[in-house]
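> Each chain, letter by letter, is given below.
There are 4 protein chains.
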Amino acid sequence: MIDSDDDALTTLDLDADRLHEECGVFGVYGHPDAAALTALGLHALQHRGQEAAGIVSRDKHRFHAERRLGLVGDHFSDARVIARLPGRSAIGHNRYSTTGETILRNVQPLFAELDAGGMAVAHNGNLTNALTLRRELVRAGAICQSTSDTEVILHLVAQSRRPRIIDRFVNALREIEGAYALVALTPKKLIGARDPLGIRPLILGELDGCHILTSETCALDIIGAKYVRDIENGEVVIISEDGIQSLKPFPPQRMRPCIFEFVYFARPDSVVQGQSVYEVRKNMGVELARESAPEADVIVPIPDSGVPAAIGFSRESGIPFELGIIRNHYVGRTFIQPTQGVRELGVRMKHSANRSQIAGKRIVLVDDSLVRGTTSLKIVKMMRDAGAKEVHFRLACPPITHSDFYGIDTPEREKLLAATHTLEEMRQFIGADSLAFLSVDGLYRAMGYEGRDKNLPEFTDHCFTGDYPTPLTDLAGETPRQLSLIAEAS
Amino acid sequence: MIDSDDDALTTLDLDADRLHEECGVFGVYGHPDAAALTALGLHALQHRGQEAAGIVSRDKHRFHAERRLGLVGDHFSDARVIARLPGRSAIGHNRYSTTGETILRNVQPLFAELDAGGMAVAHNGNLTNALTLRRELVRAGAICQSTSDTEVILHLVAQSRRPRIIDRFVNALREIEGAYALVALTPKKLIGARDPLGIRPLILGELDGCHILTSETCALDIIGAKYVRDIENGEVVIISEDGIQSLKPFPPQRMRPCIFEFVYFARPDSVVQGQSVYEVRKNMGVELARESAPEADVIVPIPDSGVPAAIGFSRESGIPFELGIIRNHYVGRTFIQPTQGVRELGVRMKHSANRSQIAGKRIVLVDDSLVRGTTSLKIVKMMRDAGAKEVHFRLACPPITHSDFYGIDTPEREKLLAATHTLEEMRQFIGADSLAFLSVDGLYRAMGYEGRDKNLPEFTDHCFTGDYPTPLTDLAGETPRQLSLIAEAS
Amino acid sequence: MIDSDDDALTTLDLDADRLHEECGVFGVYGHPDAAALTALGLHALQHRGQEAAGIVSRDKHRFHAERRLGLVGDHFSDARVIARLPGRSAIGHNRYSTTGETILRNVQPLFAELDAGGMAVAHNGNLTNALTLRRELVRAGAICQSTSDTEVILHLVAQSRRPRIIDRFVNALREIEGAYALVALTPKKLIGARDPLGIRPLILGELDGCHILTSETCALDIIGAKYVRDIENGEVVIISEDGIQSLKPFPPQRMRPCIFEFVYFARPDSVVQGQSVYEVRKNMGVELARESAPEADVIVPIPDSGVPAAIGFSRESGIPFELGIIRNHYVGRTFIQPTQGVRELGVRMKHSANRSQIAGKRIVLVDDSLVRGTTSLKIVKMMRDAGAKEVHFRLACPPITHSDFYGIDTPEREKLLAATHTLEEMRQFIGADSLAFLSVDGLYRAMGYEGRDKNLPEFTDHCFTGDYPTPLTDLAGETPRQLSLIAEAS
Amino acid sequence: MIDSDDDALTTLDLDADRLHEECGVFGVYGHPDAAALTALGLHALQHRGQEAAGIVSRDKHRFHAERRLGLVGDHFSDARVIARLPGRSAIGHNRYSTTGETILRNVQPLFAELDAGGMAVAHNGNLTNALTLRRELVRAGAICQSTSDTEVILHLVAQSRRPRIIDRFVNALREIEGAYALVALTPKKLIGARDPLGIRPLILGELDGCHILTSETCALDIIGAKYVRDIENGEVVIISEDGIQSLKPFPPQRMRPCIFEFVYFARPDSVVQGQSVYEVRKNMGVELARESAPEADVIVPIPDSGVPAAIGFSRESGIPFELGIIRNHYVGRTFIQPTQGVRELGVRMKHSANRSQIAGKRIVLVDDSLVRGTTSLKIVKMMRDAGAKEVHFRLACPPITHSDFYGIDTPEREKLLAATHTLEEMRQFIGADSLAFLSVDGLYRAMGYEGRDKNLPEFTDHCFTGDYPTPLTDLAGETPRQLSLIAEAS
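One line per chain: the protein sequences are A, B, C and D, in this order. For the first sequence, position 450 (counting from the first letter as 1) is numbered 450 according to UniProt numbering, and the numbering increases by one without interruption. For the second sequence, position 160 (counting from the first letter as 1) is numbered 160 according to UniProt numbering, and the numbering increases by one without interruption. For the third sequence, position 170 (counting from the first letter as 1) is numbered 170 according to UniProt numbering, and the numbering increases by one without interruption. For the fourth sequence, position 35 (counting from the first letter as 1) is numbered 35 according to UniProt numbering, and the numbering increases by one without interruption.
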């Protein structure tokens with residue numbers, strides 16, 4: 001195959017060098033179409049995890065589960081699958097694996113039979129003391145079937161000595177550290193929980209008088225549900241036949257949601273913490289243009305995630321916005337795959353230069369983030385091969401200098417270009433005529449603040465600043481990242 | 001499944017009501033990676049046909065064929081498939097079925113063993129006398145294995161009494177009517193042919209000194225090949241070890257390429273007949289704004305094909321361009337399917353309103369064409385549900401009032417909204433506050449002309465004008481469209 | 001895998017070295033369950049071909065076809081497949097490929113649209129002048145889509161100038177040579193034909209007043225149909241609403257059916273030419289015991305085809321019959337596969353020695369035939385490894401010294417052990433203490449004759465005698481066996 | 001489909017009304033081809049369970065697992081699967097589900113990570129207090145991921161407070177009741193255990209100096225391994241680098257192996273407890289003939305399991321043995337399926353009458369057992385339809401009057417024909433001219449005893465006698481058989 005030339009610019013994958021979120025969650029209580037609504041909600045959240053999906057429903061008598069590797073639309077659009085998920089309550093999960101192998105037994109929601117009845121849990125986030133807890137559990141005689149940190153939560157619930165299931169659940173939450181947005185289903189309740197800092201998102205919606213918990217508003221929009229409010233940081237909500245009840249089992253803390261939801265993860269049509277993601281991204285482009293607009297003929301967005309910032313940049317700078325890179329929509333099923341080998345193989349033929357807008361022009365490429373820089377250099381070369389006179393690269397977020405441990409799949413720190421290179425070195429690496437990033441203060445301005453408040457920053461932003469807001473217990477220990485002693489392919 | 005409500009606006013498919021092209025073709029002569037290049041070329045041409053794909057290669061001893069239902073990337077990205085296609089020459093084909101069922105035996109290229117050696121043919125277009133010819137062939141004892149009109153060409157070649165294969169091929173061309181761009185492979189030659197009016201496109205490219213024939217320049221770009229020239233109307237080119245030779249077996253006629261390649265089919269980064277498709281589409285938006293720009297707050301393109309015209313419209317009208325409709329990129333394999341039933345089932349959850357850009361605003365929706373109007377009314381309703389104050393609908397092409405018989409999959413005439421409704425009736429049907437189409441003269445102005453020359457129009461434009469440039473022999477006869485007496489599912 | 005040791009006796013495949021028939025046919029006229037009956041009939045005939053199966057049905061308006069690679073039970077037990085085959089008449093075919101690649105377009109029944117209406121044909125046998133005819137047809141402008149000799153018959157029908165379809169069919173039969181049992185379906189008729197010598201079998205049955213044509217009586221038994229009579233050699237029967245009509249278009253000849261149907265191919269519960277196959281095989285064992293019973297302790301049949309002869313041998317010789325070799329019934333789908341590679345891979349673990357019946361004993365192995373001898377030597381070694389004191393090998397048919405050209409998949413002559421080795425050399429090759437074959441006269445005695453009548457032999461028996469009953473036209477010419485110039489995998 | 005007539009005798013499944021064993025186990029220690037040997041061993045044991053199979057191997061660093069639904073040969077004949085199972089030790093399991101749904105998470109071997117290292121377990125048998133133990137474990141905070149009773153053993157091991165893994169394992173064995181043959185793999189040991197009465201079989205073999213544990217000798221024969229001895233009742237063997245060590249952790253009891261291994265389950269070429277299964281079955285036929293041989297013309301075995309007894313019956317009675325029923329070997333993959341629906345659908349067309357041996361004759365049908373009698377009545381009718389003058393039915397085992405709880409899949413007691421009908425009622429039910437069973441004493445005589453010793457019976461024979469040799473704890477409690485609250489399809 002001609003693809004063996006890894007530098008062939010006409011066949012590059014602009015998504016290969018982005019960050020990846022691991023999960024989306026959805027739960028609904030008391031609706032006759034619970035499983036179908038969950039499937040649609042998961043489909044709207046597909047950008048948060050493409051590797052696997054699962055739904056657990058509950059009818060009067062028992063729980064029902066369907067879990068599949070692959071896209072929601074590939075499996076849960078089948079009416080027979082939905083028919084195997086009866087009941088008026090359901091929770092669902094999209095998975096992108098940060099921890100644990102890609103095997104079916106890791107696909108969430110996970111389920112445990114408890115003395116007081118069963119419980120299913122779906123989790124977005126990452127626990128920073130999961131390995132430490134897991135080691136303790138195994139020592140105490142627990143059997144771990146998956147390699148997922150979600151199972152740790154279930155074991156903590158199972159081993160709690162409190163009689164009520166909700167007390168057991170709160171007990172378990174008090175032992176875990178890190179970032180999480182959880183939805184859990186018991187025979188009579190739908191439970192939601194958000195970590196004490198509210199790092200991962202969780203919102204409350206309503207459809208036909210039924211409550212919904214999910215990661216983003218776009219999962220409400222797809223089914224015509226109303227947005228009610230964001231779940232607060234450290235809040236546990238219990239939805240049952242008696243309505244909704246809220247607990248605050250943690251000491252009060254100021255919320256610090258993850259700023260990357262705005263920069264990259266959330267869908268542009270979602271509203272996060274009260275702000276339109278699309279508007280915020282346009283603002284990032286505006287701020288970026290104010291900080292570093294070059295003289296140029298045309299603004300070219302890196303599709304598709306660079307488009308809103310490029311519109312903002314164009315409007316602020318007055319330089320015309322053009323689709324200088326065309327995306328091929330037909331790429332089969334190979335879009336995102338867990339192994340590097342598969343990525344290289346089939347994923348390359350996705351974008352091409354729109355020569356008529358590039359040749360002989362000074363262009364400004366606008367992208368939302370830069371991780372390793374490996375695709376950025378290919379795209380700069382693609383622009384030059386298409387005849388660009390000058391290529392200026394602008395990033396609508398600050399340099400990513402630190403790894404994440406809260407559920408974002410970042411490379412090891414030494415592979416982050418900005419962690420090991422100066423700005424000029426980065427410019428040379430990607431081969432642009434100029435390179436500029438949005439400043440951290442510019443990012444906060446795009447969010448509506450004066451700048452970053454060093455003492456009380458409004459967001460979790462360690463990737464740009466190194467300021468981790470929770471202890472990193474597992475990292476401190478000598479525990480290997482992969483504890484499991486068994487390997488299984490599928 | 002909740003999808004049973006067919007009017008649910010949050011779950012509509014903007015591509016369900018567009019026209020569909022039937023084919024893309026590609027051929028290369030004398031290159032060691034002939035099959036791999038063909039696979040990449042077909043992938044770049046995937047927008048021209050998603051139902052099936054095939055490649056036939058030729059090595060010193062024999063022909064090799066691989067034909068598959070589904071996308072190019074799903075099958076021909078597999079190195080083992082390419083390895084089964086040895087040889088330095090190959091032709092390939094993407095199929096969207098206008099004639100004939102979706103079964104493997106209809107997938108092109110088709111092949112026939114001839115007395116003088118075998119011949120494989122791939123065809124983009126539609127013959128307007130295929131059924132008439134087919135009936136005559138069957139009467140004479142020919143056995144038709146497929147229901148494709150391409151097989152008719154092969155039979156005409158097989159039955160010609162001329163000794164040289166190229167003379168047989170030219171003989172066959174003289175019997176067929178309609179639109180075609182053909183690539184054919186014989187043991188020692190690659191042949192290309194374009195119909196006497198040049199309705200369907202065919203271009204000549206070059207890579208590493210080897211000649212390439214294909215439908216669009218984007219198939220050259222993906223492999224880094226150079227564009228040489230368009231094949232002329234009525235031209236037959238013969239590529240062999242002795243280089244390239246050109247025949248003109250028809251009486252000279254003025255070229256009339258299909259204008260729909262510019263309006264909808266060709267990829268925006270392709271250059272057709274010397275013009276950038278992207279630029280032409282932006283111009284259509286500019287002309288449309290000149291003719292009918294309303295007072296409004298925001299221009300919203302129908303993704304993705306309405307984007308270039310919306311950029312032009314925004315620039316000419318001064319109204320800001322915003323992504324008011326967001327496309328969900330994760331839709332599994334169900335994007336385009338041959339039966340209506342399958343379309344309804346799995347294809348719906350593709351777009352959503354970006355409420356922050358719509359609510360409380362006067363919006364202008366810009367689309368490239370309107371066929372039945374069934375999705376347009378859904379999108380207008382989606383905009384109103386998202387809170388739009390006014391919804392103005394603008395089409396960057398004239399009303400489609402006539403069916404096509406040259407390879408575009410148009411509905412029967414009575415199902416074309418513009419064929420049976422006045423402008424005001426159409427506005428009411430789709431529920432917009434105002435509706436306007438680009439004029440036919442405006443369309444020609446966007447192409448660089450003063451307007452349409454009624455006596456000598458530069459393009460085949462019967463869909464807008466009813467001016468069919470060739471006889472429609474089959475239509476005149478009483479032959480049923482589907483002649484085949486055998487049904488087979490796969 | 002441990003299987004790489006090709007000589008491992010505990011993992012051998014006793015069916016790897018047998019002859020293979022190529023086809024079974026079935027047709028029914030005027031029954032409401034035509035396709036389902038055909039599927040059941042083909043299932044009963046599965047032993048005649050396991051590679052592919054197909055059914056064509058006819059309702060009032062058109063033909064319907066379903067063709068599949070694999071076993072009948074794997075595909076045609078699906079009610080949805082049967083539902084796609086409406087109509088009151090149907091024909092079907094099981095394929096074992098002697099000519100042509102294993103690709104879907106070679107799977108029968110084949111179909112052609114004719115001027116007078118369509119015709120589907122299913123064929124058991126082999127034409128000895130197919131390649132010669134095919135070359136002439138291609139020269140005359142015919143296009144061959146398959147590499148099957150059945151297509152030649154269809155072309156001859158299509159090109160005949162006679163107005164009535166039955167006359168065209170008879171015309172075609174007059175041009176072909178070799179062995180055939182054909183069933184054909186036209187819009188209003190079911191046609192059967194048997195070659196002038198009656199080499200391949202074809203019988204007439206009846207169910208609920210409807211006529212059935214098929215290869216063996218077991219296909220009647222499975223659906224509870226009655227056997228009516230064997231179709232005569234050189235007879236053409238036409239079944240229509242007017243009942244059944246018989247033609248005899250050839251000069252009268254004495255019948256010479258293939259003796260291998262009795263020796264190996266037909267199912268033991270079938271009655272062929274009025275004789276029970278099971279009884280005949282027992283008689284072969286009786287004759288064999290009369291000719292060459294050794295002193296021994298136990299008779300061990302090679303399962304399963306050696307069992308009837310072993311019972312006869314045991315009864316005649318008085319030596320007890322025991323299951324000394326046990327068949328493992330669980331071998332997945334890998335039983336018979338077209339390539340040698342696949343055979344080696346997964347097919348081996350099928351039989352094991354029943355040590356308690358072998359150890360310390362003098363055993364007589366009874367098998368129905370010996371082709372290459374490669375599995376016979378393995379089985380002798382398996383017996384010795386299990387502790388046999390003496391191993392005597394007895395074959396219930398004469399030495400196979402000549403290849404077949406009438407539809408039996410025999411190896412090239414030089415690979416037939418008996419064609420190149422003396423009896424003593426064969427004994428040494430397989431490592432037995434003694435070896436004996438049934439004599440040709442013994443074989444005829446088992447059939448109820450005095451012996452073989454050299455001047456007017458009652459059966460086609462060239463494999464044992466070299467006496468080919470028809471011209472071998474293709475063999476005389478220089479035509480390569482594989483004419484097709486195109487290769488396609490599936 | 002014509003199959004809707006459930007009584008159609010030509011399409012019946014003789015295996016639909018037999019008892020089913022649940023499992024076969026295999027383990028090997030210290031061999032370079034450990035996984036491949038295990039795959040071959042499981043293939044030889046395929047008759048003990050066809051629903052799923054799994055292998056766990058151990059190399060220096062970790063465990064590796066592959067588990068699949070379907071036959072061993074369908075999945076583990078693939079070299080790539082074996083390559084994913086590196087290491088010199090492995091255990092494997094064939095499953096027929098008596099407890100727990102057919103889902104991948106129930107497929108054995110099961111695995112648990114323990115504080116002292118991991119442990120994988122494969123189990124043949126059934127625990128009679130598993131549900132009681134499971135309820136206690138869940139109350140104590142354990143999470144059960146499967147619905148298999150094997151997981152209970154793993155939890156007991158995990159929760160034991162003993163430091164050494166072997167002591168934990170023995171502790172666990174002391175808590176369980178019922179029948180079991182276990183093989184377990186730890187990082188450095190292969191462990192085998194057989195229940196205190198030795199109800200389920202487990203034997204020790206040897207290949208190239210390496211120890212093997214498995215269910216039957218046929219699994220040794222397939223790989224050329226030597227039989228060493230049967231594991232004793234209540235024995236635990238530990239195989240490690242230091243050789244083999246034997247523990248006897250239970251109070252001494254006399255062995256009582258399950259007599260059904262001889263009657264039906266074990267392969268005829270296996271040697272169980274020192275006796276050839278084939279010989280024992282022939283003896284059962286001999287004893288049966290002594291007890292109840294009628295005047296008749298022919299002995300017809302029900303294939304394949306009735307054959308050895310029929311040979312014995314024929315020899316003792318002097319009535320000739322003939323294959324009066326022919327098995328069709330081509331039945332696709334549908335042979336045994338877990339749901340009744342699937343069984344009915346595709347499994348029917350398996351046997352046919354060999355009319356030439358039946359018509360006009362007095363026949364004796366010999367079968368190995370009678371459960372519900374539903375297929376027996378079909379086969380009697382099939383014989384009569386084929387023209388039998390008299391049909392005498394003989395069973396080579398006593399009437400089955402009691403259900404099993406030790407790993408044999410028996411129907412509820414009220415569905416056992418012999419539990420609710422007199423001999424004469426049974427004869428009328430199946431429609432035979434006479435009916436007789438082997439007596440219990442006759443069964444013991446066939447095993448080499450004088451008869452059954454009521455005080456100290458040598459075998460577990462409750463199915464014939466109601467004499468259950470262990471407490472049935474779960475049955476006494478009110479626990480529902482299916483405890484799991486979650487349902488999942490695959």
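Hint data in this document are derived by calculation from the structure and do not stem from the laboratory. Be careful, since some hints might not be right.
Within a straight-line C-alpha distance of at most 20 Å, the following computed SDA-like cross-link-like pairs (lysine to any residue) qualify [said to hold, decoys possible]:
no.: 1; chain 1: C; residue 1: LYS381; chain 2: D; residue 2: GLY224
no.: 2; chain 1: D; residue 1: LYS226; chain 2: C; residue 2: ARG384
no.: 3; chain 1: B; residue 1: LYS454; chain 2: B; residue 2: SER439
Label-pair distances were calculated between CB atoms; the ranges are [stated by the list, open to error]:
no.: 4; chain 1: B; residue 1: VAL228; chain 2: A; residue 2: LEU423; range: 41 to 49 Å
no.: 5; chain 1: B; residue 1: GLU424; chain 2: A; residue 2: LEU423; range: 58 to 66 Å
no.: 6; chain 1: B; residue 1: ASP208; chain 2: D; residue 2: ASP208; range: 53 to 61 Å
no.: 7; chain 1: B; residue 1: GLY387; chain 2: A; residue 2: THR401; range: 34 to 42 Å
no.: 8; chain 1: C; residue 1: ASP208; chain 2: D; residue 2: TYR449; range: 52 to 60 Å
no.: 9; chain 1: B; residue 1: PRO163; chain 2: C; residue 2: ARG162; range: 42 to 50 Å
no.: 10; chain 1: C; residue 1: ASP115; chain 2: B; residue 2: ARG161; range: 41 to 49 Å
Positions of the beta carbon are idealized from the N, C-alpha and C atoms, including for glycine.
> Each hint needs a verdict: does it hold in this structure or not?
Structure-based check of each hint:
A threshold of 20 Å between alpha carbons decides the hint, and for LYS381 (chain C) with GLY224 (chain D) the separation of about 13 Å falls inside it, so the pair holds. At roughly 16 Å between alpha-carbon atoms, LYS226 (chain D) and ARG384 (chain C) fall within 20 Å of each other, so this suggested pair holds. Between the alpha carbons of LYS454 (chain B) and SER439 (chain B) the distance comes to roughly 14 Å, so the proposed pair stays at or under 20 Å and holds. A hinted range of 41 to 49 Å for the beta carbons of VAL228 (chain B) and LEU423 (chain A) is consistent with their spacing of about 43 Å.
For GLU424 (chain B) and LEU423 (chain A), the hinted distance range of 58 to 66 Å is satisfied, since their beta carbons lie about 59 Å from each other. Under the hint 53 to 61 Å, the C-beta atoms of ASP208 (chain B) and ASP208 (chain D), about 57 Å apart, fit the expected range. Distance hint for GLY387 (chain B) and THR401 (chain A): a CB-CB separation of about 41 Å, consistent with the stated range 34 to 42 Å. Checked against the given bound of 52 to 60 Å, the beta carbons of ASP208 (chain C) and TYR449 (chain D), roughly 56 Å apart, stay inside it.
A hinted range of 42 to 50 Å is violated for the C-beta pair PRO163 (chain B) and ARG162 (chain C), which are about 31 Å apart. In this structure the supplied range 41 to 49 Å is violated for ASP115 (chain C) paired with ARG161 (chain B), their Cβ-Cβ distance being about 21 Å.
Hint violations for this structure: numbers 9 and 10, all remaining hints satisfied.
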